[in-house]
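J.: Going line by line, the protein sequences match chains F and S.
The opening position of the first sequence corresponds to residue 8 in the working numbering, with each subsequent residue numbered one higher.
The opening position of the second sequence corresponds to residue 206 in the working numbering, with each subsequent residue numbered one higher.
Mixed in with the good hints there might be a few duds.
Said to hold, decoys possible - A short list of chain S residues far from chain F (calculated; beta carbon distances all over 10 Å): (1) 210; (2) 246; (3) 251; (4) 289; (5) 298; (6) 312; (7) 341; (8) 344; (9) 369; (10) 414; (11) 417; (12) 422; (13) 430; (14) 454; (15) 460.
As the list claims (entries may be wrong) - A partial selection of chain F residues facing chain S, derived with a Cβ cut-off under 7 Å: (16) 61; (17) 64; (18) 65; (19) 91.
As the list claims (entries may be wrong) - Simulated DEER-style distance windows between Cβ atoms: (20) F/239 <-> S/354: 37 to 45 Å; (21) S/453 <-> F/183: 55 to 63 Å; (22) S/276 <-> F/28: 22 to 30 Å; (23) F/152 <-> S/401: 49 to 57 Å; (24) S/413 <-> F/136: 24 to 32 Å; (25) F/81 <-> S/383: 45 to 53 Å; (26) F/253 <-> S/403: 52 to 60 Å.
These are calculated hints, taken from the structure and not from any lab test.
Quick caveat, the model's predicted, so the values are computed rather than measured.
For glycine and all other residues, C-beta sits at the position ideal for the given N, C-alpha and C.
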Amino acid sequence: MSSPSMLKTEGLRFVWPDGIVGLDGVELPIPAGQVTALLGGNGAGKSSLLLSFNGILRPCSGRVLLRDQPLDYSTRGLKSLRQEVGIVFQNPDAQLFASSVYEDISFGLCNLGLPEPEVRCRVEAAMGLVGVAELARKPVHHLSFGQKKRVALAGVLAMEPSVLLLDEPTAGLDPKGADGIMRFIRELQRSSGMTVVVATHDIEMVPLFCDRACVMDRGRVLFEGEVASMFEHRDLVRKAGLRLPRIAHLIEILATKDGFGLHGTAMTISGARKILKLMKEGQEINGT
Amino acid sequence: MTLDHYAASSRLRDVAPGYKLLYALPPIAMVLWVDSALFSLLVSGLMSASVVMKGGVRPGDYLRWLLLPAAFLMIGTAAVAFDISVHPELFLFSIPVGSAFIGVTSAGLAMAIHLAFKALASVSCLYFIAFTTPVADLGRSMASLGIPVLLIEMTLLVYRFVFLLFETASEMATAQRSRLGYAGTAASFRSLASLASNLFFFSARRAEEVYVAMECRGYDGLIRVLAPSPRAQRPSLAGIALVEGALFCVAIATHFGRLF
Chain F
8 MSSPSMLKTE
18 GLRFVWPDGI
28 VGLDGVELPI
38 PAGQVTALLG
48 GNGAGKSSLL
58 LSFNGILRPC
68 SGRVLLRDQP
78 LDYSTRGLKS
88 LRQEVGIVFQ
98 NPDAQLFASS
108 VYEDISFGLC
118 NLGLPEPEVR
128 CRVEAAMGLV
138 GVAELARKPV
148 HHLSFGQKKR
158 VALAGVLAME
168 PSVLLLDEPT
178 AGLDPKGADG
188 IMRFIRELQR
198 SSGMTVVVAT
208 HDIEMVPLFC
218 DRACVMDRGR
228 VLFEGEVASM
238 FEHRDLVRKA
248 GLRLPRIAHL
258 IEILATKDGF
268 GLHGTAMTIS
278 GARKILKLMK
288 EGQEINGT
Chain S
206 MTLDHYAASS
216 RLRDVAPGYK
226 LLYALPPIAM
236 VLWVDSALFS
246 LLVSGLMSAS
256 VVMKGGVRPG
266 DYLRWLLLPA
276 AFLMIGTAAV
286 AFDISVHPEL
296 FLFSIPVGSA
306 FIGVTSAGLA
316 MAIHLAFKAL
326 ASVSCLYFIA
336 FTTPVADLGR
346 SMASLGIPVL
356 LIEMTLLVYR
366 FVFLLFETAS
376 EMATAQRSRL
386 GYAGTAASFR
396 SLASLASNLF
406 FFSARRAEEV
416 YVAMECRGYD
426 GLIRVLAPSP
436 RAQRPSLAGI
446 ALVEGALFCV
456 AIATHFGRLF
């Protein structure tokens, strides 16, 4: 993949004030215009990495580069960084603070110092985009969890960032809601060319919605590459306390334990159908 | 449904808050000044009718909410009605306590009734505001009265997070109750103490999280937000003035004894 890195870390190390090592020499390129999944168990360092990308956490050593420029931690630098790199937190209750949906979405835009008509225009566009337009005047505490997540997303999207960081976007949502939000992000990424980083342990959605995957464990990167190559590195995935998507696991068992002669691997239902069809065709040719 | 829900879904929600205050606050002053049970009843009827017919609150719901302060009202005014004296003939009815009598005099009863109706009328005026105006709108309109922005910001933040705190507290209490945390007095005290201290840590952590999230969107010490587009309706001032004027005339007539 030859696309240039939007974000990049070099020997990034971060230690929390209580001595716990959050990030331990992370070398990671985030290619522009792709969806990268940050995978890892609890405490693997996913959230610390996201907060480092956004300049909230300052590395103890190493550095973070945005478009090949090291991050500028001055007040002015942080302001432009946070406009360009937006982050949506896992818990929307920690993000939404204003008394109504509309006000909350306008917060980031007002901080950018945009003129009022521009702010109103963008707030309305963002609400329409995530489908919360009819909630505009509702107090935040009257919303359901799924609605809160959408509003939190709208508040960040309104700032029109070129990098969108999502911390567990599907956590706490029902299957339909989780699917809906990931599909939305995928489509948005395709239409706007945004760079997206998703920290998650929802492994099933990775082959469906992500281009690349990065597996982390105890502050280190174990594997980084195309989602499809996760299958070859399944030992690393398992070492990080994760597992393969169920379909990939099934294909693995069929091929290694049950002696099915499968051509290739698959991680999604459509992928599995494809290689099973190939097998069936092969049998038919052999049979006749 | 909380009062907050009624306010958010009221048909009068979009009326600019200033007009609603102008409609509901002067009658309180009149009620206190006139001091007549019938006038209080008139005001209370007017406000209740406004909430139910204009605001779109179901009469049954409204009455149930009105019962809430009624309990306090009963207890508070009952204390006024009762008196103590050594002459039992002063009382409408009385019970002897030692050499004295405790009972209700006709003057005490009249005063209690007056007081109850005055309180009822004031409550229904405030209910009119509470049932039609969300706290956020009220907060914003306070700014135009010259109340410091910092104070309003804090009010609105407290308003937002008090619900979260309440939700968390009730979840914790449920979890404690499910493990018999409130079976017996000693256990109740212990559970309540740990609930309170946990809630404190929860708040501190949440404050930290909110601060970080706000920083991510460029917070620099001043909360700048834009209120939803000002589609606030402006009812005719003349209409409000007419109602208030009529009410005031009745108030004067009542006060000087021509009416009621």
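J.: Evaluate each hint against the coordinates.
T.: Consistency of the hints with the structure:
1. 210: Residue 210 of chain S is in fact no farther than 10 Å from some Cβ atom of chain F, at 7 Å.
2. 246: holds (34 Å)
3. 251: holds (28 Å)
4. 289: holds (49 Å)
5. 298: holds (50 Å)
6. 312: holds (48 Å)
7. 341: violated (4 Å)
8. 344: Not fine: 7 Å to the nearest Cβ puts residue 344 of chain S too close to chain F.
9. 369: Its Cβ does come within 10 Å of chain F, the nearest being 6 Å, so this is violated.
10. 414: Per Cβ check, residue 414 of chain S is inside 10 Å of chain F; nearest 4 Å; violated.
11. 417: violated (6 Å)
12. 422: violated (4 Å)
13. 430: With a cut-off of 10 Å, residue 430 of chain S comes too close to chain F, as the shortest Cβ separation is near 4 Å.
14. 454: holds (38 Å)
15. 460: holds (41 Å)
16. 61: Given a least distance of 6 Å, the restraint on residue 61 of chain F holds.
17. 64: Residue 64 of chain F check fails; min Cβ-Cβ to chain S is 10 Å, beyond 7 Å.
18. 65: Constraint on residue 65 of chain F not satisfied, violated at 13 Å.
19. 91: violated (11 Å)
20. F/239 <-> S/354: 37 to 45 Å: violated (59 Å)
21. S/453 <-> F/183: 55 to 63 Å: Roughly 58 Å apart at Cβ, these two residues keep to the hinted range, so it holds.
22. S/276 <-> F/28: 22 to 30 Å: Violated: the Cβ-Cβ distance is about 59 Å, outside 22 to 30 Å.
23. F/152 <-> S/401: 49 to 57 Å: violated (26 Å)
24. S/413 <-> F/136: 24 to 32 Å: holds (30 Å)
25. F/81 <-> S/383: 45 to 53 Å: holds (51 Å)
26. F/253 <-> S/403: 52 to 60 Å: violated (38 Å)
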